[in-house]
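Working from the sequences, and respecting the hints, build out all of it.
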Amino acid sequence: MPHTATTTSSHLLKKDHLKGFLRKLAKEYRLVAPVRNRHSDVLFTVIDDLDAVEIELCEPPQNSLKQFFLPQQEQISTYTITLEGYDFRPTQTHIPPTVYFGVHPCDLSGVLYMDVVFSRQQRDPFYLRRRQGSVLIGVNCNSPAPNCFCNATGSGPFLEMGSDLQLTDLGDRFLVEAGRTSGHALIERWQGFFSPSADKDRAAHYQTFLEARGRFSRQVHVEQAIRRLEAGTVPDEVFAELSLRCQDCGGCAYLCPTCTCFTISDQQLDATSGQRLRSWDACTFAGFTGMAGGHNPVQAKTGAIRQRFIHKLRDDVRLNGRPSCVGCGRCVSICFGGTDIVRFVERACQGSL
Amino acid sequence: MPQTITDIYLPRQARVKQVVVENSQISTFVLVFSDSQYNEAFRYQPGQFMMVSLPHCGEAPISISSPPTRPGTIHLSVRRAGKLTNAMHGLRVGDSIGLRGPYGRPFPMKQLRERDLLFVAGGIGLAPLRAVINGCLDQRDQFGTITVLYGSRNPSDIAFQDDLALWQKQGVDCRLTVDTAETGWDGAVGLVTSLMDELKPELSRSTALICGPPLMFRAVLGRLTTMGFRDEQVLTTMERHMKCGVGICRHCHMDGKLACVDGPVFSLAELRQLKILELAE
Chain W
369 MPHTATTTSS
379 HLLKKDHLKG
389 FLRKLAKEYR
399 LVAPVRNRHS
409 DVLFTVIDDL
419 DAVEIELCEP
429 PQNSLKQFFL
439 PQQEQISTYT
449 ITLEGYDFRP
459 TQTHIPPTVY
469 FGVHPCDLSG
479 VLYMDVVFSR
489 QQRDPFYLRR
499 RQGSVLIGVN
509 CNSPAPNCFC
519 NATGSGPFLE
529 MGSDLQLTDL
539 GDRFLVEAGR
549 TSGHALIERW
559 QGFFSPSADK
569 DRAAHYQTFL
579 EARGRFSRQV
589 HVEQAIRRLE
599 AGTVPDEVFA
609 ELSLRCQDCG
619 GCAYLCPTCT
629 CFTISDQQLD
639 ATSGQRLRSW
649 DACTFAGFTG
659 MAGGHNPVQA
669 KTGAIRQRFI
679 HKLRDDVRLN
689 GRPSCVGCGR
699 CVSICFGGTD
709 IVRFVERACQ
719 GSL
Chain F
5 MPQTITDIYL
15 PRQARVKQVV
25 VENSQISTFV
35 LVFSDSQYNE
45 AFRYQPGQFM
55 MVSLPHCGEA
65 PISISSPPTR
75 PGTIHLSVRR
85 AGKLTNAMHG
95 LRVGDSIGLR
105 GPYGRPFPMK
115 QLRERDLLFV
125 AGGIGLAPLR
135 AVINGCLDQR
145 DQFGTITVLY
155 GSRNPSDIAF
165 QDDLALWQKQ
175 GVDCRLTVDT
185 AETGWDGAVG
195 LVTSLMDELK
205 PELSRSTALI
215 CGPPLMFRAV
225 LGRLTTMGFR
235 DEQVLTTMER
245 HMKCGVGICR
255 HCHMDGKLAC
265 VDGPVFSLAE
275 LRQLKILELA
285 E
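As they're listed, the protein sequences go chains W and F.
Everything in the first sequence is counted per the numbering used here, starting at 369 for the first residue and increasing by one.
Everything in the second sequence is counted per the numbering used here, starting at 5 for the first residue and increasing by one.
The reader is advised that the hints may include incorrect statements.
Examples of chain W residues toward chain F, derived with CB under 7 angstroms [as the list claims (entries may be wrong)]:
(1) Pro493
(2) Asp634
(3) Ser701
Using C-beta positions, here's what the derived DEER-type ranges look like [unchecked claim]:
(4) Asp616/W x Ala91/F: 27 to 37 angstroms
(5) Gly98/F x Glu598/W: 48 to 58 angstroms
(6) Ala91/F x Thr446/W: 55 to 65 angstroms
(7) Leu637/W x Gln174/F: 45 to 55 angstroms
A few chain F residues that face chain W, going by a derived Cβ cut-off under 8 angstroms, partial list only [to be verified]:
(8) Ile9
(9) Ile12
(10) Gln17
(11) His60
(12) Cys61
(13) Ser100
(14) Gly260
The hints are simulated quantities; they were obtained by calculation from the structure and are not laboratory data.
Only a predicted model underlies this, so the values are computations on that prediction, with no experimental measurement involved.
Note that beta-carbon positions come from the ideal geometry of N, C-alpha and C, so glycine has one too.
Structure below.
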């Protein structure tokens, strides 16, 4: 948790200078930021013309950064069947160096989690190529949205580490903290936009943090649910009950910044060639664990929804010391069956521990 | 400069050198990588699996049924079960397929040294155990007695008959049973557990290795426990749906473990820690 931010060097960026700074960045990088579109939806978008868009830094975007590093569907190889036999060719991905600007702490935590997933067991070439050469510029959350609970997952509302630059909105200016060498380099490179911060700025930063922390409308007892899962005291009926209401739509998994399960399938292009595709998948889908011949080693619904919650709140805590739910609240907004993670935490915590 | 990262998802071409028809549903495909240098250097351990590709069929995990003591070819024994395995049964000598691997935690061969080994299998379940059995036979003096109990549906379904005959000649105690007898069958009829009644294993130096369909699996586990086998003395290999094979896609989840990297070989003691359907009450 941040206190007075004296440990990291901090700078000021006047709001009047933000566009100029982004314009400089956009000359060298592809720029992705939360943009309010003409339907009034806020979405992380590739920005071609800075003057044609409205960047929205307060309202949480509907999508996370997941799609930029793990696209909903991507080609991972192509194959041909010729006289020489059945042969695969690697798919080359050329992703321009990209600045992701205005990333909220939940989504930043999501990217840091994906970094672990795609390099722990094996280094995933497609993810890592997209991640290499990416710059993350975070913005702390001053006013969490109604479904937000990142305070309960240890991933917000303010983050000090993980991004290259971390911004805090102080009204007419941003306090800018450089979390990494790459962040310092950005400030040095375009130092004209930045000025030194004073004690009063750091005090304002701390005050803003305290206010943000007090603005959560939900109390979600994630820690207690984690303890109960680890102790095995969450009754099977909780999963059974939630699975009855799950409509198997996968919306939670698709919107989740940390759901990275995928499937691999072939698409025939013509008689002698095809492409191999990787696509988002969801562990709650009934067919996720189904085997050839029809046998399913996981109890179709109860076991599937149990997997979703034990993975995020028990197994990842065992592996990484923290849950992989980042408290962004997207699944709460999308789930019409009422089987989102907040509902699970509430049910898991009912009764005495 | 961005570093180059090996494409872990890219299959290599291999060719079918031989097809052994084991029964109407199971065949063993003897495979050789087209890149002879790669083929020569390729090594694996019993219990590991390959991700197999066939045109327009995607990939499926298939356990290796040949022993590490016989490098140069990879045996995959495959039962017709779905789209990819059915397509495999259309393969002829010289045809090419895609392979990547080997993946997964193998059987702990070092821990098996000096021990009496009891193999219990049903149907295609003998395939991964065949890799262990032939590996042990190739280093016969390092292991104790070898017993193979094998259950099949009916006499004409008995797969791996060449292996069974050869093992018998090499001093392996092979016992067969069928669910349903046919004319001319004078062997045992009944579940593979019925063959266990006659056994008098020396428990202190025995390890059981089992693989078979879920019902058989549960029955055998129960019988081994009654016989006095401790959970640490029972090894098995789990079958799961997989997409990546390397611990990322999570299709093979088993209550916090992944069959592809934490297994597919597990001791019964390890499995008892997990809430899985195979061991559900």
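task: Kindly confirm whether 55 to 65 angstroms is satisfied by the beta carbon distance between Ala91/F and Thr446/W.
output: Roughly 19 angstroms apart at Cβ, these two residues miss the hinted range, so it is violated.
query: Quick one, is the Ile12/F hint okay against chain W at 8 angstroms, beta carbons?
result: This hint holds: Ile12/F lies near chain W, its Cβ roughly 5 angstroms from the closest one there, short of 8 angstroms.
message: Given a cut of 7 angstroms on the nearest C-beta pair, is the interface hint for Asp634/W held or broken against chain F?
response: holds, 5 angstroms
query: Should the hint that Cys61/F touches chain W count as held when the rule is a Cβ pair under 8 angstroms?
result: holds, 6 angstroms
Restraint check, 8 angstroms cut-off on beta carbons, for Gly260/F near chain W: This interface hint holds because 4 angstroms falls under the 8 angstroms limit.
task: Confirm or reject the claim that Leu637/W and Gln174/F have a C-beta distance inside 45 to 55 angstroms.
output: Since the Cβ atoms of Leu637/W and Gln174/F sit about 50 angstroms apart, the hinted range of 45 to 55 angstroms holds.
- prompt: Should the hint that Ile9/F touches chain W count as held when the rule is a Cβ pair under 8 angstroms?
  reply: With a closest approach of 4 angstroms, the Ile9/F hint holds.
task: Could you check if Ser701/W really has its C-beta closer than 7 angstroms to a C-beta on chain F?
output: Constraint on Ser701/W not satisfied, violated at 24 angstroms.
message: Taking the Cβ atom of Asp616/W and the Cβ atom of Ala91/F, is their distance within the range 27 to 37 angstroms?
response: holds, 29 angstroms
query: Given Pro493/W was flagged as interface, is its beta-carbon under 7 angstroms from a beta-carbon of chain F?
result: holds, 4 angstroms
field: Interface hint status, Gln17/F versus chain W (Cβ within 8 angstroms)
entry: holds, 6 angstroms
message: Would the hint on His60/F be counted as holding, given a Cβ-Cβ threshold of 8 angstroms to chain W?
response: Since the shortest Cβ distance to chain W is 4 angstroms, the answer is holds.
Checked against the numbered hints listed earlier, the structure breaks hints 3, 6; every other hint is satisfied.
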